[in-house]
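On the provided structure of chain C, position chain W as indicated by the hints.
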Amino acid sequence: MPLSDEDIREILRIIDESDVTELRIQTDGFALHVVKGARTLDPALGPAPTEQSPAPATEPTPAAKPPARASDDGLATITAPMLGTFYRAEAPGKRPFVEVGQRVEPDTIVCIIEVMKMMNSVTAGVVGTVVQIFAANAELVEYGQPLFEVEPA
Amino acid sequence: MKRIKRVFVANRGEIALRIVNACEALGIETVVGTSDADRDGLAACRADRAVCIGPAPASESYLRDDLVVQAALGTGCDAIHPGYGFLAESPKLAARARDNGLVFIGPPPEVMELSGDKLRARDGAARAGVPVLPGQEIGPDHDAHEAADRIGYPLLVKAAGGGGGRGIKLARDRDELDDLLTLARSEAAAAFGDERVYLERFVSTARHVEVQVAADEHGSVVHLGERDCSVQRRYQKVVEEAPAPNLDPATRNALTAEAVAFATAIGYRNLGTVEFVVDADSGEHFFLEINCRIQVEHPVTEAVTGRDLVALQLHIADGEPLGFGQNEVVFDGHAIECRLNAEDVARGFVPSPGTLSLFAVPNHSHLRVDTHLCAGAVIPPYYDSLMAKLIAHAEGRDATIDVLLEALEDLDVEGVETNRALVISVLAHDDFRRGAITTDWLERAIV
Chain C
157 MPLSDEDIRE ILRIIDESDV TELRIQTDGF ALHVVKGART LDPALGPAPT
207 EQSPAPATEP TPAAKPPARA SDDGLATITA PMLGTFYRAE APGKRPFVEV
257 GQRVEPDTIV CIIEVMKMMN SVTAGVVGTV VQIFAANAEL VEYGQPLFEV
307 EPA
Chain W
669 MKRIKRVFVA NRGEIALRIV NACEALGIET VVGTSDADRD GLAACRADRA
719 VCIGPAPASE SYLRDDLVVQ AALGTGCDAI HPGYGFLAES PKLAARARDN
769 GLVFIGPPPE VMELSGDKLR ARDGAARAGV PVLPGQEIGP DHDAHEAADR
819 IGYPLLVKAA GGGGGRGIKL ARDRDELDDL LTLARSEAAA AFGDERVYLE
869 RFVSTARHVE VQVAADEHGS VVHLGERDCS VQRRYQKVVE EAPAPNLDPA
919 TRNALTAEAV AFATAIGYRN LGTVEFVVDA DSGEHFFLEI NCRIQVEHPV
969 TEAVTGRDLV ALQLHIADGE PLGFGQNEVV FDGHAIECRL NAEDVARGFV
1019 PSPGTLSLFA VPNHSHLRVD THLCAGAVIP PYYDSLMAKL IAHAEGRDAT
1069 IDVLLEALED LDVEGVETNR ALVISVLAHD DFRRGAITTD WLERAIV
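Protein chains in written order, with the working numbering: chain C, 157 to 309; chain W, 669 to 1115.
If you are wondering where the hints come from, they were derived from the structure by calculation, not from laboratory data.
Take the hints with a grain of salt, since some may be wrong.
To be verified - Pulled from the structure, derived: some chain C residues nowhere near chain W, Cβ distances all over 12 angstroms:
1. Asp229
2. Pro248
3. Gln288
Claimed, not checked - Simulated restraints, written as ranges between beta carbons of each label pair:
4. W:Gly769 to C:Arg225: 34 to 40 angstroms
5. W:Lys673 to C:Ala226: 40 to 46 angstroms
6. W:Gly987 to C:Ala309: 55 to 61 angstroms
7. C:Arg225 to W:Ala929: 57 to 63 angstroms
8. C:Pro262 to W:Asp767: 33 to 39 angstroms
Backbone N, C-alpha and C define an ideal beta-carbon position, used for all residues, glycine too.
Just chain C, same shape as in the assembly (with noise of 0.2 angstroms):
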């Protein structure tokens, strides 16, 4: 079931009305996790991740191996091999490369990790379904951050 941005933004509002803190829901090809006001950083230290980010729209360059860790509850997670600006799709406004619940290839590309106008992709590494996207477009994520977990084929 693919959702659309409208969906994720009305489902967000209902969480957002409800006095839950947090929430998991997992069906067949979707997966949300929502955790409420947890931000481990200072909102007032780093600029807040703008929709409408500058364009990566040079060729991405592979980047080196990310690691894929894998955890104790068997899920594998994928962290930033370099510390840069997180982009969840080619360009604004092109389909992100992966969303949670898609299969994932050891080289299919999660997404680019720009660092001074240098535009690195980034690979899974690993054969899996993503369950979980942790970093948000257009921030700076640093160099082991995890951004997604994934469960192995």
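Frame of chain C; chain W shown alone:
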């Protein structure tokens, strides 16, 4: 502060912590960029925020100007403080910061280019009327023998892209010069990306005396006195002090005036250090180089002038005038700093990384300790071995030495090897007490 509200600290260890503390005192927020090995460091914990910019090796983190600028922009910083070492004197970082609208806390990239080219810096000093050592650039087609005969043996073969004691070789005669030149060129090309080398007279009874200068963006340049850093091993300083002991007042006046003249002539901005060699026998002095950074040994100048030099850097970078004239720089007492390093002196000074099972610095009057370490801290193997700087400040030189000796005796450190015993034997030595130290002394008399 008008422009600077949040500073990105592009360094580690004690200097990163020093910068964080200076910013905090001025109400400036800090973001520390760490490597993977330094995530739990004290500077990262004390800062408002820390971001990991890359893996442990410095070449993949602390030496990456692209990551530093990206991280500074991404965390909403408006300035970058590079500390010392790593990218502190990189014109590339300074230019990249400026191009991206960030304030670089240091001189402009053009000045750093000139200062980093030791031949251009020599020329600039000579033009400003500052004495330079007899010397000459030796290109691949030049007659090195003719130049060397004019300079006289022994002489130094230096890399134009070197500095800070790197890229220097001693030739005692014509044969050694022939052997060294080709090697020096290829090493210089590999280490500095610049194969130019030059010959310079070697002063065998050399004292290393440097002058702290400060220049604002409105044309004011002052000096903050000199430091003597003659206790060195392989050009690396171990003990530094201010003022320089037994320095002829006329020489002191000449050094400080020339440092200001040179800084003015090259359009220097922010804090810098003009290094001189003083011939202990003849009393002559010569320009060596200018360093575009806060120095490791800056606390001794802070002690005797009563001024916070890192705060001064921030004020200058923010566009403020110095706020004081040369006649308001007054000196009080004597200050000596020693560097406590995690190294195994008995095994050729190899670094001694590890976990500090015990580390407690004494809390004495007249003593300041700059350190990023505490018991349980890990000294990673990737970086320099500086653990702490102990700075004593007292009325006279003898009393200052005594404060430092007592502090070193009372220091508790276990888990790694340190150079403590070496530093104690330096401070307790008669030659040091008499202030009769030249740059070859440590290796000749102690090691």
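To see whether the hints hold, each was checked on the structure:
1. Asp229: holds, 24 angstroms
2. Pro248: At roughly 18 angstroms from the nearest Cβ of chain W, Pro248 of chain C sits farther out than 12 angstroms, so the non-interface label holds.
3. Gln288: The claim holds: Gln288 of chain C sits with its nearest Cβ about 21 angstroms from chain W, beyond 12 angstroms.
4. W:Gly769 to C:Arg225: 34 to 40 angstroms: holds, 36 angstroms
5. W:Lys673 to C:Ala226: 40 to 46 angstroms: Hint holds: Cβ distance 42 angstroms, inside 40 to 46 angstroms.
6. W:Gly987 to C:Ala309: 55 to 61 angstroms: holds, 58 angstroms
7. C:Arg225 to W:Ala929: 57 to 63 angstroms: holds, 58 angstroms
8. C:Pro262 to W:Asp767: 33 to 39 angstroms: Roughly 37 angstroms apart at Cβ, these two residues keep to the hinted range, so it holds.
Every hint, counting from the list given before, is met by this structure.
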